[in-house]
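Model the full assembly from the supplied sequences, consistent with the hints where possible.
Protein chains in written order, with the numbering used here: chain Y, 1 to 282; chain P, 283 to 427.
These are computed hints drawn from the structure, not numbers from a lab. Fair warning: this is a prediction, and the values are worked out from it, not measured in the lab. Don't be surprised by glycine CBs; every beta carbon is placed ideally from N, CA and C. Fair warning: there could be bad hints in the mix.
[To be verified] Straight-line distance between alpha carbons at most 27 Å, and here's what the computed DSS-like set of lysine-lysine pairs gives:
no.	chain 1	residue 1	chain 2	residue 2
1	Y	K125	Y	K150
2	Y	K150	Y	K261
3	Y	K261	P	K376
4	Y	K140	Y	K178
5	Y	K178	P	K376
6	Y	K150	Y	K178
7	P	K376	Y	K56
8	Y	K162	Y	K251
9	Y	K159	Y	K249
[To be verified] The following label-pair restraints were derived from C-beta to C-beta distances:
no.	chain 1	residue 1	chain 2	residue 2	range
10	Y	K96	P	L402	51 to 57 Å
11	Y	G105	P	I349	35 to 41 Å
12	P	Y318	Y	G105	40 to 46 Å
13	Y	T224	P	E311	49 to 55 Å
14	P	S323	Y	D253	28 to 34 Å
Each chain, written out:
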Amino acid sequence: MKRLSVAVLAIFILALVAGCGGGGNNTEKGEEQNSEQGIQTGTLEFRANGEDFVRKGFTSKDGWNITFDNIYINLAEVTAYQADPPYDAEEGGEVKAKTQVGLEGIHTVDLAEGGEDADPVLVGKIKDAPVGHYNALSWKMVNADQGPAKSYSLVIDGKAEKGGETIDFVIKDATEYKYTGGEYVGDERKGFVKEDKTGELEMTFHFDHIFGDAGMPADDELNTRAPGFAPFAGLAQNGKVEVSVAELKDKLDAETFNNLKHSLVTLGHVGEGHCHSEILSE
Amino acid sequence: MKKSFIIVTVLIFLISFPDAAFGHGVDIEYQASKVYKITASYDSGEPMSEAQVIIYAPDNPSEPWSIGKCDKNGNYFFTPDPSQQGTWDIQVRKAGHGGMIHITAEENAQTSDSTGFTTLQMLIMTACVIWGLIGTGLFFLGRRS
Numbered sequence: 001m002k003r004l005s006v007a008v009l010a011i012f013i014l015a016l017v018a019g020c021g022g023g024g025n026n027t028e029k030g031e032e033q034n035s036e037q038g039i040q041t042g043t044l045e046f047r048a049n050g051e052d053f054v055r056k057g058f059t060s061k062d063g064w065n066i067t068f069d070n071i072y073i074n075l076a077e078v079t080a081y082q083a084d085p086p087y088d089a090e091e092g093g094e095v096k097a098k099t100q101v102g103l104e105g106i107h108t109v110d111l112a113e114g115g116e117d118a119d120p121v122l123v124g125k126i127k128d129a130p131v132g133h134y135n136a137l138s139w140k141m142v143n144a145d146q147g148p149a150k151s152y153s154l155v156i157d158g159k160a161e162k163g164g165e166t167i168d169f170v171i172k173d174a175t176e177y178k179y180t181g182g183e184y185v186g187d188e189r190k191g192f193v194k195e196d197k198t199g200e201l202e203m204t205f206h207f208d209h210i211f212g213d214a215g216m217p218a219d220d221e222l223n224t225r226a227p228g229f230a231p232f233a234g235l236a237q238n239g240k241v242e243v244s245v246a247e248l249k250d251k252l253d254a255e256t257f258n259n260l261k262h263s264l265v266t267l268g269h270v271g272e273g274h275c276h277s278e279i280l281s282e
Numbered sequence: 283m284k285k286s287f288i289i290v291t292v293l294i295f296l297i298s299f300p301d302a303a304f305g306h307g308v309d310i311e312y313q314a315s316k317v318y319k320i321t322a323s324y325d326s327g328e329p330m331s332e333a334q335v336i337i338y339a340p341d342n343p344s345e346p347w348s349i350g351k352c353d354k355n356g357n358y359f360f361t362p363d364p365s366q367q368g369t370w371d372i373q374v375r376k377a378g379h380g381g382m383i384h385i386t387a388e389e390n391a392q393t394s395d396s397t398g399f400t401t402l403q404m405l406i407m408t409a410c411v412i413w414g415l416i417g418t419g420l421f422f423l424g425r426r427s
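Here it is as structure tokens:
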């Protein structure tokens, strides 16, 4: 009987161990992120993009079919940031970043170069950019001191057609701007530089802000703020118009001119993301 | 011999007992997760109805973790994976306009529990069953002797 009691006690203890084995709570634990970057580097490319509006042409809000021969844009102090915290273009201000890299010099690019399917224009690259995520970008548009855009920050050279009428136009702007944007917004996330790999960032220019877009509703804010092409067509003589923004102040009504200025100040984007913009000089 | 047989029988039964005994039980669990409501609108205040939403997780920020759409009021409800701590990046875009918001998921954003038995309950139930089996065994032993 004593042996039986010992055996029963052993079974009891065994049963307790077996019974408790399936208990316990699961605790979710986050994975540690490796924030160590060391001195690893990769390549960061800077590209400028006028989008399909520039490469393929488009119809303005007032029905002009617009194509571009050249759009010269003069870029300076192109700088990429690993911003922390992420830059908020709506708030503006300076970018706070632990790492930043930039292109030296002034770069004039033609946004209309290449065919309809051309890649965004390569402005320059930095081959030893520290690895990481470049989630903010700033650049200036300054007046060129040489080249096809000499004395201007922006030169738009194109052709507009409507109802059998064709107008060759050149619009020049000597205003200097600074654009600061947060992360690129688009189909693909950009700005990642990995060791010995190439990442890219893009300065995007929205020319539909100037001419409007027939593909959008007439009451869309894009079209209500865009001057369209009709104001420029009204200045044409013998099928041509060449004018600077400064000259347009006296040639356009105040509302149209203000809308033109607004469209130029908001020209620079990071993909579809808006930039904080400043006028540096007029 | 008979005692040994009974002991072995009881031992086998007990080892397989915990699962088998509750085969028809009900186990109801709950899980509380933090849900973020994202509301996207244009500068004019107009909601970005049916705008595309792309979510990037902290562990793999270069590839979309999830792709969805806002409702007609520009709202989107987002529940982060609690196993991934860090910043979630949410991009909302429509017709050439877009933006990005960054959400840092808090630790312990999720709690869970279930009607499963506590350790104390398991101990008491196990003890009761064992006591019943011992009594049954002793009953039969007493009758045969």
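Hint-by-hint comparison with the structure:
| no. | hint | verdict |
| --- | --- | --- |
| 1 | Y:K125 / Y:K150 | 24 Å, holds |
| 2 | Y:K150 / Y:K261 | 21 Å, holds |
| 3 | Y:K261 / P:K376 | 25 Å, holds |
| 4 | Y:K140 / Y:K178 | 4 Å, holds |
| 5 | Y:K178 / P:K376 | 25 Å, holds |
| 6 | Y:K150 / Y:K178 | 19 Å, holds |
| 7 | P:K376 / Y:K56 | 21 Å, holds |
| 8 | Y:K162 / Y:K251 | 22 Å, holds |
| 9 | Y:K159 / Y:K249 | 22 Å, holds |
| 10 | Y:K96 / P:L402: 51 to 57 Å | 53 Å, holds |
| 11 | Y:G105 / P:I349: 35 to 41 Å | 40 Å, holds |
| 12 | P:Y318 / Y:G105: 40 to 46 Å | 44 Å, holds |
| 13 | Y:T224 / P:E311: 49 to 55 Å | 53 Å, holds |
| 14 | P:S323 / Y:D253: 28 to 34 Å | 31 Å, holds |
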